[in-house]
Amino acid sequence: GAVVSQHPSWVICKSGTSVKIECRSLDFQATTMFWYRQFPKQSLMLMATSNEGSKATYEQGVEKDKFLINHASLTLSTLTVTSAHPEDSSFYICSARDPFSRAGGGYEQYFGPGTRLTVT
Amino acid sequence: QKEVEQNSGPLSVPEGAIASLNCTYSDRGSQSFFWYRQYSGKSPELIMSIYSNGDKEDGRFTAQLNKASQYVSLLIRDSQPSDSATYLCAVNMRQGSGGSNYKLTFGKGTLLTVNP
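Sequence lines, in order, name chains A and B. Positions 1 to 120 (the numbering used here) are the ones given, in order, by the first sequence. Positions 1001 to 1116 (the numbering used here) are the ones given, in order, by the second sequence.
Any given hint might turn out to be false.
[What the hints assert, rightly or not] Here are the in silico distance ranges between beta carbons for each label pair:
hint, chain 1, residue 1, chain 2, residue 2, range
1, A, P113, B, D1058, 21 to 29 Å
2, B, P1116, A, A72, 47 to 55 Å
3, B, E1005, A, S9, 29 to 37 Å
4, B, Q1095, A, E52, 13 to 21 Å
5, A, E22, B, D1055, 33 to 41 Å
6, A, E59, B, Q1070, 21 to 29 Å
7, B, G1029, A, E22, 32 to 40 Å
8, B, N1053, A, L68, 41 to 49 Å
[Claimed, not checked] Counterexamples of contact, computed for chain A against chain B with all Cβ distances above 10 Å:
hint, residue
9, P8
10, S18
11, E22
12, R24
13, Q29
14, G61
15, L68
16, T80
17, S83
18, E87
[To be verified] Facing chain B, according to a computed beta carbon distance under 8 Å, are these residues of chain A, among others:
hint, residue
19, S43
20, Q109
21, Y110
22, G112
23, G114
Worth flagging that the hints you see were computed from the coordinates, not collected in a lab. Backbone N, C-alpha and C define an ideal beta-carbon position, used for all residues, glycine too.
With the hints as extra help, turn the sequences into a complete structure.
Quick look at the structure:
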């Protein structure tokens, strides 16, 4: 399967600071990437869809000014958590669509290893 | 609201048994179905994709799809303790009416424990 990497794998930051998380597709070009958040023992929650060269589409209830997404190339999307607060502490996971896996109107999606964010 | 429903579990099976995981979905127009495995503290890993009615086998895993019943399942044969994880059913669902914009919708997952 396709490989997606994330960096950093974990980060601790102070309240009020910003944190940038990178997501890369290593062996394919991803026109579409997704950012998820997962709290302990809860389901994945889609935050936004990132399309290369255009603005991200945010899910209802996700603040676009707080979670800045940039998809500047076909292999890199970044998520910046601005003015982080303790309630933003979570497991952030990116995912990328493999454009060569299209079948039945959809694409296979591969996940990065995730970034664990702790805001103190 | 387009939904994916899974048995919440937890499901516990002895080592060597067959584990059966089930999933139903609400959007009759869905065409792509996936099973992900998520170990505690890790991100989801794609283990099976299925697009046509019937069975698809890959090693110890068999995915079954019945579009008429809007039902997809995953069978794990000869279950091993290393199979203990949460299994997520995911369905590519069309967003809005018509168009070609699809989004993966996840079930809440079924926690599987395989006892040695």
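Structure-based check of each hint:
no. : hint                             : result
1   : P113(A) <-> D1058(B): 21 to 29 Å : holds (22 Å)
2   : P1116(B) <-> A72(A): 47 to 55 Å  : holds (48 Å)
3   : E1005(B) <-> S9(A): 29 to 37 Å   : holds (32 Å)
4   : Q1095(B) <-> E52(A): 13 to 21 Å  : holds (19 Å)
5   : E22(A) <-> D1055(B): 33 to 41 Å  : holds (39 Å)
6   : E59(A) <-> Q1070(B): 21 to 29 Å  : holds (24 Å)
7   : G1029(B) <-> E22(A): 32 to 40 Å  : holds (35 Å)
8   : N1053(B) <-> L68(A): 41 to 49 Å  : holds (43 Å)
9   : P8                               : holds (14 Å)
10  : S18                              : holds (23 Å)
11  : E22                              : holds (15 Å)
12  : R24                              : holds (14 Å)
13  : Q29                              : holds (18 Å)
14  : G61                              : holds (15 Å)
15  : L68                              : holds (21 Å)
16  : T80                              : holds (20 Å)
17  : S83                              : holds (26 Å)
18  : E87                              : holds (20 Å)
19  : S43                              : holds (5 Å)
20  : Q109                             : holds (6 Å)
21  : Y110                             : holds (6 Å)
22  : G112                             : holds (6 Å)
23  : G114                             : holds (4 Å)
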